[in-house]
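As you go down the protein sequences, you meet chains L, S and F in turn. Note that numbering that gives the first Met the number 0 gives residue 69 to position 70 of the first sequence, counting from 1, and the numbers run on in steps of one. Note that numbering that gives the first Met the number 0 gives residue 88 to position 89 of the second sequence, counting from 1, and the numbers run on in steps of one. Note that numbering that gives the first Met the number 0 gives residue 36 to position 37 of the third sequence, counting from 1, and the numbers run on in steps of one.
For the record, the hints were derived by calculation from the structure and aren't laboratory data. Where a beta carbon is used, it is the ideal one built from N, C-alpha and C, also for glycine. Accuracy of the hints is not assured; some may be wrong.
[Said to hold, decoys possible] Listed below are the simulated DSS-like cross-link pairs for lysine-lysine, each with C-alpha atoms no more than 30 Å apart in a straight line:
hint	chain 1	residue 1	chain 2	residue 2
1	L	81	F	59
2	S	105	L	448
3	L	429	S	88
4	S	187	L	448
5	F	59	L	246
6	L	450	L	502
7	S	187	L	502
8	F	59	L	215
9	L	471	S	23
10	S	88	L	471
11	S	187	L	450
12	L	471	S	113
[Said to hold, decoys possible] Some chain S residues well away from chain L (every beta-carbon gap over 10 Å; in silico):
hint	residue
13	105
14	123
15	126
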Amino acid sequence: MKTFLGIPLARPSESRTAYKSEPGHATTLQGDTGGGHLASEAAHNPTTIPTEPLRWGTSFPEAAQRALSNDQLRHNLGFATKTIRSKRAAVVAEAPDWEDLRDAGSQTKINVLASLPALLEQFERNFTARGGHVHWARDAQEANEIVTRLVKEQDTTEVVKVKSMATQEIGLNEYLAAQGIDAFETDLAELIVQLGDDLPSHILVPAIHRNRAEIKEIFERRMESLPEGMSDAPRELAMAAREHLRKKFLRAKVAISGANFGVAETGTLTVVESEGNGRMCVTLPETLITVMGIEKIIPSFSDYEVFMQLLPRSSTGERMNPYTSMWTGVTPGDGPQNVHVILLDNGRTRALADDVGRAALKCIRCSACLNVCPVYERVGGHAYGSVYPGPIGAILTPQLTGTTGHSDPNASLPFASSLCGACYEACPVKIDIPTLLVYLRNRVAEEDKAKHMPTAWGAAMSAATFVMSDSKRFAAASKGAGALRLMAGKKGYVQNVPLPIIKGWTQSRDLPSAPKETFREWWERTHPDAPQESPLPTDREDNA
Amino acid sequence: MRIALAATCIADALFPQAPIATVKLLERLGHTVVFPGGQACCGQMHVNTGYFDKAVPVIENHVKTFEPVLDNEWDAVVIPSGSCAGSIKHQQAMVCERAGLPDLAKTANAVAAKTYELSELLIDVLGLTDVGAYFPHRVTYHPTCHSMRMLGVGDKPYQLLRAVEGIELVELPDADQCCGFGGTFAVKNADTSSAMLADKVANIESTAATVVSAGDYSCLMNIGGGLNRKGSATTTMHLAEILASTREDPATPPAPLRAGHSGAAKGARR
Amino acid sequence: MSTARTEILGSIARALDGVPSGIGQGELAEVPRAYRRTSDLLPGSSQVIDILIDRLEDYKAHVHQVSSTDDIPAAVRDILSEASSVVRPAGLPESWLSMLPPSTTVTTDAPRPGSQGLSPYELDAIDAVVTASRVSIADTGTIVLDGQSDQGRRAITLVPDTHVCVVLASQVVHLVPEAVALLDEHPERPLTWISGPSATSDIELNRVEGVHGPRNLHVIIVG
Chain L
0 MKTFLGIPLA RPSESRTAYK SEPGHATTLQ GDTGGGHLAS EAAHNPTTIP TEPLRWGTSF
60 PEAAQRALSN DQLRHNLGFA TKTIRSKRAA VVAEAPDWED LRDAGSQTKI NVLASLPALL
120 EQFERNFTAR GGHVHWARDA QEANEIVTRL VKEQDTTEVV KVKSMATQEI GLNEYLAAQG
180 IDAFETDLAE LIVQLGDDLP SHILVPAIHR NRAEIKEIFE RRMESLPEGM SDAPRELAMA
240 AREHLRKKFL RAKVAISGAN FGVAETGTLT VVESEGNGRM CVTLPETLIT VMGIEKIIPS
300 FSDYEVFMQL LPRSSTGERM NPYTSMWTGV TPGDGPQNVH VILLDNGRTR ALADDVGRAA
360 LKCIRCSACL NVCPVYERVG GHAYGSVYPG PIGAILTPQL TGTTGHSDPN ASLPFASSLC
420 GACYEACPVK IDIPTLLVYL RNRVAEEDKA KHMPTAWGAA MSAATFVMSD SKRFAAASKG
480 AGALRLMAGK KGYVQNVPLP IIKGWTQSRD LPSAPKETFR EWWERTHPDA PQESPLPTDR
540 EDNA
Chain S
0 MRIALAATCI ADALFPQAPI ATVKLLERLG HTVVFPGGQA CCGQMHVNTG YFDKAVPVIE
60 NHVKTFEPVL DNEWDAVVIP SGSCAGSIKH QQAMVCERAG LPDLAKTANA VAAKTYELSE
120 LLIDVLGLTD VGAYFPHRVT YHPTCHSMRM LGVGDKPYQL LRAVEGIELV ELPDADQCCG
180 FGGTFAVKNA DTSSAMLADK VANIESTAAT VVSAGDYSCL MNIGGGLNRK GSATTTMHLA
240 EILASTREDP ATPPAPLRAG HSGAAKGARR
Chain F
0 MSTARTEILG SIARALDGVP SGIGQGELAE VPRAYRRTSD LLPGSSQVID ILIDRLEDYK
60 AHVHQVSSTD DIPAAVRDIL SEASSVVRPA GLPESWLSML PPSTTVTTDA PRPGSQGLSP
120 YELDAIDAVV TASRVSIADT GTIVLDGQSD QGRRAITLVP DTHVCVVLAS QVVHLVPEAV
180 ALLDEHPERP LTWISGPSAT SDIELNRVEG VHGPRNLHVI IVG
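Working from the sequences, and respecting the hints, build out all of it.
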């Protein structure tokens, strides 16, 4: 690692390519992004669909800097997150037992993680008993191969898809494309992302970074037979999407979904949605393939009484989402008769092995933490370099992939937070995200230490420990802060410090001048008779 | 009461006005304040940056320094910082536990239970809302994330401020939004932090307050640095400084150092 | 496949074996259930019906109140005055559609063993569907269908653009847990929870009613 004055230099931006794995999966983007407000999108859009959906970009600070320079993006995000924050606040305030529901949801998920093998086997038994087929996938590659085989068995080259984080996470669409299978996203926001050759930036609303004018432009570019004179009114855009997808729904032979919940006790799967695209997919085609992370299990059917309250209010800020579908294997004469579920690990057991980090697996993917996060609100989802953005992404992504010390872009994610705690307050299953972030920061520091990789921060922290664990050294150093007073001079503040670490501070703020007298000096001057209350730690140990 | 003061490292070195005001306030209210000289820092910066092992000696020094409170040498420990109080109550023991020091963790928890952020001490322990303060200025208050969410001090600072004679307390728009400080976050993610700060500064300026107050000088250092850079007419004061101010010994809002540079801020000062 | 299964279950078992309890993870314990599981408001009471109507209208569903089942045929006739074709599930009381004009084509979707009933394309050519329902949740404005013969296959309430759904007052509970308890009697049935017509908030988080599912939801509340 190159350093300057002991401070790490910015990492070269080729780290994206450095993390590419299997060649052949990367899809080059369509070039045309020209014109109007789209011209600036290069500023935040990665240039390729990622080969690694959980590690696609540069480090967070670099990506955030690009995002912050995009005014349109910031405007779109600010508007959207404010809207959904106030909707959520209203419906949560309406539920008098909200905190009780959170307690129940949290404990249920803790119990699920602690009993996962038995619950998965129970789910498998019940789903199979009702005519469904259960598959297990250790990683993305294995899951993608299973899906491909099942699709090809149906002698078709196209599938319709319900928005699903699990299939985003495994890069399923890109894999299928390479196998000659077209996967049509049917959720409106996913459709916008897919047609725009873009990447999702939000768990619930993947196109949250786009405004109506941008969406209209994408539709005009990529949809055939648009209604004459279509405006950018959301209603007209939604109707265009309806027309575009209707024939695909009607002819589809295979659908692919994720699942919000899988009930161990009954083998029931659930898709929670709004538009009816989910119902189309889980009802009309003959074959239905569901990809579900192993942590999405809930023990009993009756647990819906908690989660079907927590999820809609946290997610869309509605009392209930328009549509929820629940199916248990095959129902003769109703819906798909060839029904599969793929139980996906892909890093989850790695996360589970971490006694602290496993709390991230409680997540029900509501995205409330994104909407309340001041960091997410300003930089958007792409800066997190993963299909899981925001506060939950900052803890879940590094858990799923593991990290390799601070040169790994994902190791920058736990630092992408001011630890303000708004995420914890909003989380319906009470994931203590700030504490987990701090814990993961520790893991990065420990990884560096294990690799004997000296870092500027490590050195700075060691120096600080030396000073801050002893009052005499601290008092001496405080006087040294008089250097600040020298730099401040008559004007009384410091505008610029020529040290890289401090430059981050002074780019937007002045530093205060140091006081003429520290508190300690004031105390000694004004309380000369005060008892000396500074026994050294060793004295106390002797006394004890 | 005999109350031990944890001054916090940042205030001791850079913002002595906060602990000085805390001492003056508590002494005026008839209490004895003690400054245990062995103190240095609570370890929050180390913990939040992920250097748990390097935090341990810092935490140990803090815990040992304030351990006499367990033998009733003092009745309570007061700390004029929401984030330090939060770290003491929610992080110190966890870090000791993970470092394999369960005894230290236990002591840390016990000391933490007798440690109070200033507004908690005044209201919960001393049972006061009106502390006899006088501060005839237009003030807005930033509640700070750790006071609000980690400690849950709720509206205690507002109760105290509303009782101050002569004060004109104005609501801060989006008060619950983070100022962007977050310790080393401000440096490691300087661009994002700056964007958050810009919005906080704009909201503060929209109140046309003379002073923005908070219970934590780390946030105030950030906010004050941003206000000063913008040439704002609004300056920062700790809650303790306002509460310590009386008719006999009135505190004066600090003069802006660059005022007049920013058109937006002109006229904000009354 | 079995290798993956063995490996995953093994990894989980190892992950859970012997890790000390930590700061971010609570202990296995009984789930605290202090939330409201039953309501003071009785199913079908006028307060519960009022709440349901308020929520349904908030979600832009059209609500029609009639006093008895005898009034259903007239209500259906009035709602479907513009429809030229209607599909009904086999178990729907025949009388409910008895007042539709002769010009309206009524098709019964009656899947027999070995038959899937109407195809998606056939359903797409039909204007409206009339069904009963299983249970409704006033607190959230939700109607649940459970696929019984008076509600039919899931596809028939999905593809036609207008859904007329009959809700008996006695089927309306106040809270989500009360409905889940009822549904738990037959958890294997295919369930569809409906709260208003289909909608999206994907464009600037503005709610737009009517996307892929029926764009018009008419609810006839009886009693």
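Checked hints:
1. Note on residue 81 of chain L and residue 59 of chain F: the hinted pairing holds, with a Cα-Cα distance of about 23 Å set against a maximum of 30 Å.
2. At most 30 Å may separate the alpha-carbon atoms for a hinted pair to count; residue 105 of chain S and residue 448 of chain L meet this at roughly 28 Å.
3. Straight-line distance between C-alpha atoms of residue 429 of chain L and residue 88 of chain S comes to about 19 Å, which keeps the hinted pair within the 30 Å bound.
4. Restraint check for residue 187 of chain S and residue 448 of chain L: satisfied, since their Cα atoms lie roughly 19 Å apart, inside the 30 Å limit.
5. With a C-alpha separation of about 26 Å, the suggested pairing of residue 59 of chain F with residue 246 of chain L holds against the 30 Å cut-off.
6. The suggested pairing of residue 450 of chain L with residue 502 of chain L holds, with an alpha-carbon distance near 28 Å, which does not exceed 30 Å.
7. Under the criterion of a C-alpha separation no larger than 30 Å, the hint pairing residue 187 of chain S with residue 502 of chain L is consistent with the structure, at around 10 Å.
8. Restraint check for residue 59 of chain F and residue 215 of chain L: the C-alpha separation of about 25 Å stays at or below 30 Å, so the hint holds.
9. The suggested pairing of residue 471 of chain L with residue 23 of chain S holds, with an alpha-carbon distance near 25 Å, which does not exceed 30 Å.
10. A hinted pair counts as satisfied when its Cα atoms are at most 30 Å apart, and residue 88 of chain S with residue 471 of chain L qualifies at roughly 25 Å.
11. At roughly 22 Å between alpha-carbon atoms, residue 187 of chain S and residue 450 of chain L fall within 30 Å of each other, so this suggested pair holds.
12. Between the alpha carbons of residue 471 of chain L and residue 113 of chain S the distance comes to roughly 25 Å, so the proposed pair stays at or under 30 Å and holds.
13. Remark: the non-interface label on residue 105 of chain S is consistent with the geometry, its nearest Cβ contact in chain L lying 14 Å away (cut-off 10 Å).
14. Every C-beta of chain L lies more than 10 Å from that of residue 123 of chain S, the closest at about 21 Å, which supports listing it as non-interface.
15. At the 10 Å boundary, the C-beta of residue 126 of chain S stays outside the reach of chain L, the nearest C-beta of that chain being 26 Å off.
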